[in-house]
Structure formats: C-alpha cells, structure tokens
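Take any residue in the sequence shown, note its place counting from 1, add 4, and you have its number in the working numbering.
One should not assume that every hint holds.
[To be verified] Straight-line alpha carbon distances no greater than 25 Å define the calculated BS3-like cross-link-like pairs of lysine-lysine that follow:
1) K305 <-> K279
2) K279 <-> K193
3) K193 <-> K350
[Stated by the list, open to error] Okay, the calculated beta carbon distance ranges per label pair:
4) K134 <-> T112: 38 to 48 Å
5) Y289 <-> D63: 27 to 37 Å
6) G334 <-> E135: 36 to 46 Å
7) Y289 <-> Q131: 42 to 52 Å
8) T337 <-> D255: 22 to 32 Å
The hints are simulated quantities; they were obtained by calculation from the structure and are not laboratory data.
Beta carbons: idealized from backbone N, C-alpha and C, even for Gly.
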Amino acid sequence: MYRLVARKSSMLVGNHAPLSAKPSVAALALSNRRSNSSTSENWGGMGYGIVHQQRIPYDDSEKLFRHVVSPKTVSVIGAPMTYGQPFVGTDSGPALLREQGLLQDLSTLGWRVEDLPDLDFSTICAQAGKESPSAHNNPNAKHSLEVGAGTKVLADLVESKLKLGRFPLILGGDHSIGIGSLAGILRAKPETGVIWVDAHADLNIPGVSQSGNMHGMPLGIMMKELVPDRSVIPGLEWMEEGSSSPRLAPDSLVYVGLRDIDKAERHFIRKLGIKAFTMYDIDHYGIGRVMDLAMEHLLKKNQDRPIHLSYDIDAVDPLHAPATGTAVRGGLTWREAHFVAEYVVKSGALASAEIVEVNATLSDGQGASETVELGHQIVSALLGEAIL
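Hey, can you work out the whole structure from these sequences and the hints?
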C-alpha cells in the first residue's frame, strides 16, 4: 500500500535536502483518491496490492558493476522535468520514488548512497524561459529553452559523477531529461551503448514532430544524421559548444518494447539501421532471447563497453503501470519489466540508468501506487537486487 512518508534530514542517506512539509500535488492526489475508498478492492489498478519483499544483493555484486569504482557508490540525481510534455505531475517522480524507501533499499543492496538534492528546474527553467519569450511560440520544439537549460545542468552533473567512478541513477521527470543524461554520459564515456526501454521511439526532431513535445526527441537530437547542428534549436546551443559535442551513433542504440512509433521515426529507424525490438519481437522470441540479441549487438565489438539503460515506465503495460502520460496497451508484463533490468545487471556492463515518466496524478489511488512501486522495484533490480 502506498503511503506518504515525511522524511527528516537526520534520517537521510547522503545529503538530500529535506522535503517540504507541504505535500506534493501528486501525493495529495494519491491521498485524496484513497480517502474516497474504504477498501483496496474499490481502488483502480490491478487490485493485487503491494507486497514489499526483502532486498537481497547478488553474492558477486561488486563484480557485476565493473565500471564503478570500489567501494561502489550510486549518485541519486533527481531530475524533476515537466516541460518536455503537457501534463503536470512528472516533476513529483523523484520524491515519490524516494518516499517508497528507495535510498534505504540501495544501501541494503550494498551501495554507498550519495543522494543529491533534486535539480531546481522550477528556477533554472523559468529563468531560461524569460530570456527569450519568442521561443515559446515555436510549435516544433515546445519549451525548448526550459528543456535546454535544465538538461545542460543535468549533463554537467552526470558527467562529473561518471568521471568520479560513480553510478548515476537519474530519477525523472519526463523523458526529455534523456538529452542531458546522454550528453553527460557520452562526454564522459563516448563508447557507451544505450538500451532504450520504451513504448515510443523518442526519435523525433523539430522538423517532423507531430506534437512538438520534446520528451519525444531526445534520441533524434543526439544523432548527427538527424540534427547536424543543434544550435539552431533555442536552448540547445550548449550542445555544440566546446571541443566535445556528444553524439550517439545509430549502432550504439537498441530499443526494447516499442509499440507506438510515428511514421517519421519508422523511416529513421530503417534508414539508420537502428536495432529495434518491438512488442511483436518480444511475443515472437520471448524476452530472454530479445535481451540476448540486444546485448550481443551492443557488445559484439567491445565486450567491456559501458551500457546506459533508459527506462520509460510506459514500456510496461498500463495494467501494471497506468500512472504515466502516454500509456499504450500491449506492453511489457510485470515480470518482463523486471527481467530487462535483471538481465542487463547480470551482464556486468551497466554503468548508469534512469527511470522516467512516472506521473501519479494520471491514475486513481491504487493505479498510482502500483506504478510508483513498480518504478521502485525496477530501480532496485537495476542496482542489483537478486531473486536467489
């Protein structure tokens, strides 16, 4: 069962600033919806309730994270971005995941936990938006100034943590934060391969996007073949500055779980030869074989290359994760969702991860609870929780 927990600074793992005594919009929504129902049977969602199991690490967990300096440290980075899409509520994702006990679970799994204050996007992005109001009228890249300012700060932080040998765990926020995550990762470790677990391809660019929402553009923006000069997008000038202009090569990306792809994205995937496993492939081969093929593709040239896993909660079927902005039927099952994370961890190649698009305001009480808890469990799996 989901419950709002007030955290005191003396109880924190790391140096995260204490939460305000005022509950978040999402937390109030959960509380209000729950108060309208007397029993869990009356709530939405699957109705199975939440079972909190003991967190057990793998016996060889130090070896599993070979790209992390020992003693292994996870840097928890809250990136409460909401400007990349139209719904309020994605900004509460980092707080809701922490309130589930995430930090203590990571410690139980054997990690030293550096819990950083959430990036202050409300200030950073608002200031950027005031500098050039005309950019708000661009329907092809909505709120690009705000997204650009926020992702620049995120990129710098992620890069610095990787260079210290730590594991960046980024808690979104909407998926436009992938611009910053990938930029920081590729500046620090240009050879990184990326597994993008998502119902959507996020390969749009301003010239072809049907919505103009930037949470659908992070991968398109990272590819030189699609956006040769990112300085033409207001707010993203920083991506072309300096000697390092981070780019993602098409053969360094693998999709898992696609099932809602725009026409232009389909063309780009085929033209660039991007490895993509749709839900059809998962139905046909099974999730185990799909992950075999995904990792074989990324590691065939370099068995020691680091892997970044970007996990959009909407990759999971809305029966299990209804509280997200672009839910699409026919997604990953509860166990498939976990298996993806478990498989990449057991490869020993995982060096960074993010989870995005958890929005508790977009479902009823039980549905929101189950989505947040599923996100919490996926993160635990990504950081080395073992079954046996």
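Results for each hint:
At roughly 15 Å between alpha-carbon atoms, K305 and K279 fall within 25 Å of each other, so this suggested pair holds. At most 25 Å may separate the alpha-carbon atoms for a hinted pair to count; K279 and K193 meet this at roughly 21 Å. Of the supplied pair hints, the one linking K193 and K350 holds, its CA atoms being roughly 21 Å apart against a limit of 25 Å. In this structure, K134 and T112 meet the distance hint of 38 to 48 Å, their C-beta atoms being roughly 44 Å apart.
Between Y289 and D63 the CB atoms are about 30 Å apart, so this pair conforms to the stated range of 27 to 37 Å. G334 and E135 have their C-beta atoms about 43 Å apart, which keeps the hinted 36 to 46 Å range intact. About 48 Å separates the C-beta atoms of Y289 and Q131, a value consistent with the hinted range of 42 to 52 Å. Checking the proposed 22 to 32 Å range against T337 and D255 shows it holds: the Cβ atoms sit about 29 Å from each other.
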